[in-house]
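Q: Here is how the chains run, residue by residue.
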Amino acid sequence: MTPLSQIWVIAKMELGRVFFSRRSFWVYLLALFPTVIFLGHAIDAQLKVKRWGGERGVKAELLDQAQSGMTDEQVLALVGKPVTDQTRKRRARRDDDPADKQPEVRRYMMYFDGKRRVDLRFEDGKLVSRNARVLMNFEDDRRVYAGMFQYFYLRLGIFFGCLGIFINLFRGEMLDRSLHFWFLAPVKREVLLLGKYLAGLIAAAVIFGGGAMLSFLAMVLPHDSVEVQTFWQTIGTEHAFWYAAAAALGCVGYGSVFLASGLLLRNPIIPAIVILVWESINGFLPDVMQKLSVLHYLQSLCPVPVPLPTEMPAVLKMLLAPAAPTAVWISVAGLLTLTGLVLFAAMQAARRLEINYGAE
Amino acid sequence: MAVYRRGYQRYEGGLTSHLERLMVMPRFSWARMVEQKFVLILLVVSMFWPLLCATFVYLANHSELWQGFDTGFKKFLAINGKFFSVFMKVQSGYALILASVAGPGLIAPDLSNNALPLYFSRPLTRGDYILSRMIVLLGLLSLVTIVPGMLLFGMQAGIAGGDWFWNNWYLGAAIFFGFALYIVTVSLVAMTCSAYVKWRVVAGALVLAFFFLLAGASEMVNSVFRVEWASVFNVGYAMNTVWAGMLDLAIPDEKPGVLECAVFIGALGAGLLALLARKLRAVEVVK
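Chains as they are written, first to last, in our numbering: chain W, 1 to 360; chain U, 1 to 287.
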């Protein structure tokens, strides 16, 4: 048998375990969670249109006349009863600065005109903010999807999913005390490692790449059919491809790192924490150091850039300086090179590996 | 004489007290835990921020050192609820990492080696077992949370004088009870993960994943549904809100308030305790 066919045989044997073990349930949950949320959003929007659109719906022209500075009573007289009406009185605090005057009463009203939801915020009886948005806005949803993909899917979902799948490949067998069976087989350690990595990679790429595609479809399909058709005919397929590719390449990068740390260290949680912290503070590091992370290259592949989180403190926003995206071919080549180097180190470790189950 | 031919009678000697029995396990677990190099490194690293904060307190109380600066700088140097809130947020991060490293080793080995029947054949209840394991983690986590927090508060009270203390005693209480609530919650999460995942390594990853994924998922729900209520399921946010309530800080109107967050944390704690009690039994059914 050639080494390649040996790798494939090992991968096939491992695939069943990776796809159908009880632990994989959590990985599926992680991958499919965004799909469920986007489907829930579509259903929720339809229910809201039904619930708010009936007798509680108001005319759009009247709502547009509500301008900053109007009192709450004027707005009520003009537009009518809102769908939601909440009033909060401010409580005095011990360290209140008398020079810094805060509004005493805050009122929030929400109207619906059949398509748009309009949020009105009043402070001490005066309208201070007016925010209108269409319930199912395709542009907004695409931006939200981009944010979800970069902040949740890449940073957390794929990260922890790969941690679960790839650490399990060697460290799990050591804890199960079954690794020696693999070592008794007449295959080189490098072949064994590549076979296991291939199995983990296929599973992770299918689960997370598939999850990304499904959630993308769940985001796109509930929208207006004309908008959706135009989207597919222009940039839709390209976006879907790059999201799936970024997810799969994330599995390639994180998978190799976690497989190697499962082999090199007795407690792979320590590198996991280090990588998690490194990837989290990535945006605050100098340009050169930002390029030493898997996330930077994956973000460069994403088709829609994500704005900075609005709630981030001003000081942190000042320090945050994301590096310019790297060219696509450099990103892919960089990730594959990193993976190659890490796998090479893992092969060296696998070659020297001696099993001592007692120490586990 | 052979052992089986001996006659046995009930032990009638002196009994150790309940507290003494309870403290046997923490004594041994503590020794094992502080042997871990990474735990010690983390403990040392986690002292940097309190040291920086102590320097800040010193500077804030010596106005002669920053004479000539404007009122904005004076405001920045104020030692108030906001200052302690930032301190608590940073230290809670260290506590979480410590719990994910040290916590899983507490229960997982007992379960994977089927040692629970040995514990429960002694005068220890399930509650005692959970409490004794928790004491170890609480002790460790309080070293990076309550202890530096109270030292900092004590330092400020000592330098600023009795008047400051009488006006701001609630800050000390907030630091103590806020951190206590946090480390109990984190310990319960770590112990439940340790009980459900017999592998220490995976349990550690699960502790981290629990906090990070819940935070990520709640933010995702917020942004997809354009709401704010899902923040309550972010343990970090819920805890910060409860702390803000204790420290008498303002909370944004649109976000879930102190009551909602406190109810969530209470429900989470009760759920975790129920899961722990369900898992920790002296017998195991092998299917």
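Treat the hints with care, since some could be wrong.
Facing chain U, a subset of chain W residues (Cβ under 7 Å, in silico) [unchecked claim]:
1) Met148
2) Leu156
3) Arg177
4) Leu179
In silico PhoX-like links for lysine-lysine, alpha-carbon gap of 20 Å or less [said to hold, decoys possible]:
5) Lys50/W - Lys81/W
6) Lys75/U - Lys101/W
7) Lys255/U - Lys82/U
8) Lys255/U - Lys198/U
9) Lys89/W - Lys126/W
10) Lys89/W - Lys279/U
11) Lys81/W - Lys48/W
12) Lys12/W - Lys188/W
13) Lys101/W - Lys37/U
14) Lys82/U - Lys101/W
15) Lys101/W - Lys81/W
16) Lys126/W - Lys48/W
Hints were generated in silico from the structure; no laboratory data involved. Just so you know, these numbers come straight off a predicted model, no measurement behind them. Backbone N, C-alpha and C define an ideal beta-carbon position, used for all residues, glycine too.
Q: Flag every earlier hint the structure violates by its number, smallest first.
A: 3, 4, 8, 10, 13, 15, 16
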